[in-house]
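Which chain is which? The protein sequence lines are F and W, in order. Position one of the first sequence corresponds to residue 40 (the working numbering), numbered consecutively onward. Position one of the second sequence corresponds to residue 2 (the working numbering), numbered consecutively onward.
These are calculated hints, taken from the structure and not from any lab test. No residue lacks a Cβ here, since even glycine has one placed at the ideal position from N, Cα and C. Accuracy of the hints is not assured; some may be wrong.
What the hints assert, rightly or not - Computed footprint of chain W on chain F, listed as stretches where at least three residues anywhere in the stretch have a Cβ under 8 Å from a Cβ of chain W: (1) 100–109; (2) 212–218; (3) 230–242; (4) 268–274; (5) 324–332.
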Amino acid sequence: MPPVALMLSPRPQASAGRLPMLLTTIVTAIAAGGPPRAMANESAIPDRGPETAELLADTYRRRNGAVFEGWEKPRAVIVFTGELEGYIEPCGCTGKENQKGGLSRRQNFLRALATVGWPSVAFDLGNQVRRFGRQAEVKFQSIADGLREMDYCAVGFGPDDLRLPAEELVAAVAAVGDEPTPFVSANVGLLGLDAGITPRFRVVEVGGLRIGVTSVLGDEAGESIRNDSLELKSAAKALEEVEPRLAAAKCDHQVLLCWASIDATRTLADRFARFDLVATAGGADEPPLVPQALEGGRRRLLELGHKGMYAVVVGFFDDQRQPIRVQRVPLDARWGESADMIRLLGTYQVQLETLGPKGLELAPVRHPTGRRFAGSEACGDCHDYAYEVWEQTPHATALDTLEQADPRRDHDPECLSCHVVGWAPQKFEPYEGGFVSREATPQLVHQGCENCHGPAADHVAVELGEIEVKEVERDRLRAELAMTIDTPEGRQRTINNCLECHDLDNSPEFDFEEYWPSVAHSETDE
Amino acid sequence: MKPTPSSLAVACVAAVAGIVVGGGIAVSESLLRPLRVGGFVDVGDVPESAPRAEVKETRFDFGGLGSGQSQSHRFTITNTGGSPLTLEKGATSCTCTISGLDRSEVPPGESATVTLEWTAKGGGGAFRQQATILTSDPRRPEVAFVVEGRVIPTFEVVPPRVVFSKLAVASEESVPVRIFTHGDEPPRVESLRWRGEGGGDAEPGFLGFEAAELPAGEIEGHAEATGGLNINLTTRPPLPLGPFRGVLEVGYVCGEPGEGAAGGTAAEGETASGRATIVEIPVEGSVRGEIAVAGSGWDSGRQLLSIGSVASARGFRGRIFLTARGAAADEFSVEVEELVPSCMVVEVGEPAAVGSGSVVRLPLTISIPPGSPPCNHLGTKLAPAGRIVLRTQHPDAPTMTIPVRIAVGP
Chain F
40 MPPVALMLSP
50 RPQASAGRLP
60 MLLTTIVTAI
70 AAGGPPRAMA
80 NESAIPDRGP
90 ETAELLADTY
100 RRRNGAVFEG
110 WEKPRAVIVF
120 TGELEGYIEP
130 CGCTGKENQK
140 GGLSRRQNFL
150 RALATVGWPS
160 VAFDLGNQVR
170 RFGRQAEVKF
180 QSIADGLREM
190 DYCAVGFGPD
200 DLRLPAEELV
210 AAVAAVGDEP
220 TPFVSANVGL
230 LGLDAGITPR
240 FRVVEVGGLR
250 IGVTSVLGDE
260 AGESIRNDSL
270 ELKSAAKALE
280 EVEPRLAAAK
290 CDHQVLLCWA
300 SIDATRTLAD
310 RFARFDLVAT
320 AGGADEPPLV
330 PQALEGGRRR
340 LLELGHKGMY
350 AVVVGFFDDQ
360 RQPIRVQRVP
370 LDARWGESAD
380 MIRLLGTYQV
390 QLETLGPKGL
400 ELAPVRHPTG
410 RRFAGSEACG
420 DCHDYAYEVW
430 EQTPHATALD
440 TLEQADPRRD
450 HDPECLSCHV
460 VGWAPQKFEP
470 YEGGFVSREA
480 TPQLVHQGCE
490 NCHGPAADHV
500 AVELGEIEVK
510 EVERDRLRAE
520 LAMTIDTPEG
530 RQRTINNCLE
540 CHDLDNSPEF
550 DFEEYWPSVA
560 HSETDE
Chain W
2 MKPTPSSLAV
12 ACVAAVAGIV
22 VGGGIAVSES
32 LLRPLRVGGF
42 VDVGDVPESA
52 PRAEVKETRF
62 DFGGLGSGQS
72 QSHRFTITNT
82 GGSPLTLEKG
92 ATSCTCTISG
102 LDRSEVPPGE
112 SATVTLEWTA
122 KGGGGAFRQQ
132 ATILTSDPRR
142 PEVAFVVEGR
152 VIPTFEVVPP
162 RVVFSKLAVA
172 SEESVPVRIF
182 THGDEPPRVE
192 SLRWRGEGGG
202 DAEPGFLGFE
212 AAELPAGEIE
222 GHAEATGGLN
232 INLTTRPPLP
242 LGPFRGVLEV
252 GYVCGEPGEG
262 AAGGTAAEGE
272 TASGRATIVE
282 IPVEGSVRGE
292 IAVAGSGWDS
302 GRQLLSIGSV
312 ASARGFRGRI
322 FLTARGAAAD
332 EFSVEVEELV
342 PSCMVVEVGE
352 PAAVGSGSVV
362 RLPLTISIPP
372 GSPPCNHLGT
382 KLAPAGRIVL
392 RTQHPDAPTM
402 TIPVRIAVGP
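Using the sequences and the hints given, assemble the complete structure.
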């Protein structure tokens with residue numbers, strides 16, 4: 040219960056008297072939960088126990104900071120998120136517990152706010168996906184479903200969203216039955232602004248406050264989109280039309296979700312000064328601790344960070360000295376995981392499995408070397424020491440990790456590409472002759488030798504005498520696969536190889552010097 | 002704490018409310034417990050003799066830093082309290098940012114130095130990372146130091162990749178890609194090579210590339226760029242149906258070859274001069290048929306419209322769109338030829354151009370009037386899917402059938 044617990048942290052003496060009462064209220068309410076609590080627990084993620092939970096809370100407070108310190112219960116809050124960029128959940132070699140972000144924690148955080156009675160609405164800046172292609176289309180639909188489930192009131196469009204075919208966007212975005220679409224845009228019209236698929240602005244009421252909100256795609260971002268099924272208006276022109284209508288709705292606050300650089304956002308914010316909260320796409324991976332002020336008093340420019348790692352919460356208070364407070368909230372493991380979002384992720388993974396490589400329009404590409412794969416076991420026939428070392432590393436069970444995950448994701452190209460032999464790690468596509476499935480290509484399971492050393496089918500065939508070649512050719516095949524860390528160039532090439540999978544997203548703690556000793560397998564180490 | 006009448010009343014109300022909301026709270030209880038942050042400290046009770054961490058600067062703007070380069074900065078924490086201040090290194094937001102602390106115990110009146118060292122990672126743009134120092138000052142148990150600035154890449158590609166969202170077979174499109182460089186001399190293209198899926202390095206027949214130097218006027222004003230190239234990608238109809246994906250490799254020389262690109266990927270490449278920088282520009286897109294369906298319930302994977310179960314008493318009303326491009330967009334119109342179930346009503350709206358006009362949309366309003374008889378067209382063996390059959394003006398596709406999954410129940 041973050042808000043209650045947060046009131047236990049240091050705060051001004053004047054309001055100290057209310058704390059014990061609030062504490063009594065919450066403790067008694069939980070204690071009286073009884074049978075409904077038992078039933079609900081059956082569907083919830085298994086509890087980690089109070090001691091573990093406290094340790095986790097303390098760990099993440101130290102690591103990523105405490106939140107809402109000194110906050111009384113606000114009149115209302117707006118939760119801003121954005122730039123998910125396909126990171127539907129954090130993942131990677133370092134473990135989810137060490138990373139931030141994901142829809143699951145986001146939902147739990149929103150639920151925590153609701154549970155402790157903070158009236159709240161959620162807005163999203165946009166750019167749910169990063170890539171193009173069938174998987175991105177399916178992912179966008181899944182994320183849109185998730186945002187609906189989380190009751191988002193306003194969701195903008197980022198440029199990567201708008202590169203998807205409009206037909207797919209419409210299917211994901213359009214209103215479902217009586218339920219209005221959460222998507223809103225002043226200057227982007229799927230199949231035309233007058234098609235009415237998304238409203239150009241929205242007014243919501245929360246905690247007795249009327250909040251007007253709209254979103255725009257910046258002009259520079261718009262220029263990079265080649266999608267003739269969209270109507271794109273200039274951001275300024277669109278706001279000239281929409282902003283007066285928001286003002287006429289007599290909103291207490293006006294919010295602009297602006298997918299543009301910080302400078303471009305500031306230019307729009309300065310021109311349309313009635314927006315007192317402006318969220319921008321520009322900025323660094325991490326949002327600032329304190330948002331920048333905009334001209335004209337209590338206006339704020341909100342950077343949300345990248346990859347959906349943070350939520351930025353704006354609280355409204357009946358306090359003339361501090362009517363608005365802003366808190367960036369790291370979506371780390373302290374929030375736990377939501378069973379409903381995990382179920383949604385599971386549905387997404389099942390869709391990927393059902394579609395398969397053909398349905399996902401994934402055609403194998405030629406490996407840059409032109410060679411084909413043999414499988415790690417074939418390497419082990421001769422290179423037994425290296426093979427034995429490899430067998431003891433997590434590389435040798437990489438595919439198992441995907442199969443054992445919840446939900447399993449052994450049909451997800453974005454995961455498979457680093458967990459089997461013969462896929463391009465940063466392109467999420469198979470090479471010719473690369474892993475197809477455990478059944479079809481059992482020799483190519485796990486993160487094997489050839490992902491680093493290169494495809495070795497020709498070399499194996501020569502060494503086994505299946506092909507006869509001259510000695511010089513045999514030696515050339517051997518040399519092609521050899522790697523060394525004894526020279527600066529060799530070392531850098533090896534490190535670059537590791538970084539293909541151990542990149543900033545999946546392995547932010549990666550340090551070659553620390554990691555190498557646990558996989559070192561030079562035959563001179565024997 | 003002695004219970005007061007008001008707090009007892011609150012407790013009673015809460016006990017009742019707890020049973021009602023217990024479900025909601027219970028589901029979130031496992032969320033709530035991890036969020037307790039420890040004991041309460043009333044700031045007013047902190048004695049003057051307690052340690053006090055005073056920090057004049059917590060944020061450092063380093064301006065610009067080349068990608069892969071490192072820099073460091075020192076911050077100072079002074080103990081202005083009455084007893085020793087204990088300091089401990091906390092977390093950093095990234096392994097690219099390391100903190101150093103020269104002393105862990107600071108006597109009153111003295112200071113400790115916190116050194117942050119960071120490496121500008123990534124392909125360029127805003128950079129912000131932080132390191133936390135934990136203190137024994139009860140008023141300020143932790144101090145976050147932030148470094149921020151801009152990572153300057155060796156080159157920058159705008160846009161970093163090219164996506165043709167939806168092309169028709171006859172689409173003619175041209176996309177400029179600009180490469181901004183930061184070398185000492187202007188860039189010169191040495192090679193232009195297409196690496197397409199399915200093998201082969203030859204230029205694909207449906208895409209053409211042309212390279213030229215970027216005019217000075219377009220380079221000025223682009224952050225820290227000293228030179229630039231313009232690569233023009235042009236589609237050449239007829240385009241093959243289906244998705245396409247490839248990489249355009251641009252090799253250029255510009256003083257010394259560089260690393261750490263923004264957009265595309267840099268690699269040390271071999272060209273005629275032997276020292277070029279290779280920029281990889283991913284290109285992908287999709288060429289699809291001239292008429293498509295869009296709307297809530299449209300399943301493009303199975304190519305059917307999924308309406309699902311409809312209550313007869315309530316009926317159903319929904320809207321989808323047909324989109325037409327290319328030759329099909331000229332005078333695009335349809336007429337309803339057949340509807341299954343027969344109770345379904347489809348109204349064809351007026352066509353309208355989208356944006357620049359190369360795409361035309363046509364709304365179809367689909368309804369099941371209240372009181373319609375029950376039926377099952379959910380697309381199983383025993384209950385085949387329904388359909389909307391339309392007559393079009395397209396010479397190559399005079400009829401269009403939209404399968405519909407629907408069941409009308411009581």
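To see whether the hints hold, each was checked on the structure:
Proximity of the region 100–109 of chain F to chain W, defined as three or more residues with a beta carbon under 8 Å from a beta carbon of that chain, is established by the 6 residues found. With 4 residues having a Cβ less than 8 Å from any Cβ of chain W, the region 212–218 of chain F passes the three-residue criterion, so the hint holds. Counting residues of the region 230–242 of chain F whose CB falls under 8 Å from any CB of chain W gives 4; the rule of at least 3 is met. Three residues within the 8 Å Cβ limit are the bar, and the region 268–274 of chain F against chain W gives 4, so the coverage statement holds.
Chain W is given as covering the region 324–332 of chain F, and this holds because 4 residues of the stretch bring a CB closer than 8 Å to a CB of that chain, at least three being needed.
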